[in-house]
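Student: Sequence:
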Amino acid sequence: MYCQDGQKIQYYKTMEQLEESLQGKGFIRTHRSYMVNLQYVAKFNTQGLLLKTGSEVPVGGTYLKIVEEAFSDYMSKFNIYKI
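Residue numbers (the numbering used here): 1 to 83.
Derived by calculation from the structure, the hints in this document are not laboratory data. No incorrect hints appear here.
Derived DEER-like restraints, expressed as beta-carbon distance ranges:
hint : residue 1 : residue 2 : range
1    : ASP5      : GLU68     : 27 to 33 Å
2    : GLN39     : LEU64     : 17 to 23 Å
3    : GLN23     : MET75     : 15 to 21 Å
4    : ASN45     : GLN7      : 24 to 30 Å
5    : ASN37     : TYR12     : 16 to 22 Å
For clarity, every value in this text was computed on a predicted model and none was experimentally measured. The beta carbon of each residue, even a glycine, is placed where N, CA and C say it ideally should be.
Working from the sequences, and respecting the hints, build out all of it.
Tutor: And the structure:
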């Protein structure tokens, strides 16, 4: 896990367990190996997410529709609009 302060934390859980423990806390699974906090997403396209840190995270085909809906809902919830 990569934290806001740049710290890396290693732990042993399945992605399913992690996804369940972070449900309702602003995180979304984007790939079989990635979860992202939506507040750190700067840009979304069908190939992946660009984070505010400059990192890129892939979006798997299985998760594309889910990520698209979650990102759209997040933007609407906080009145964030594309210009």
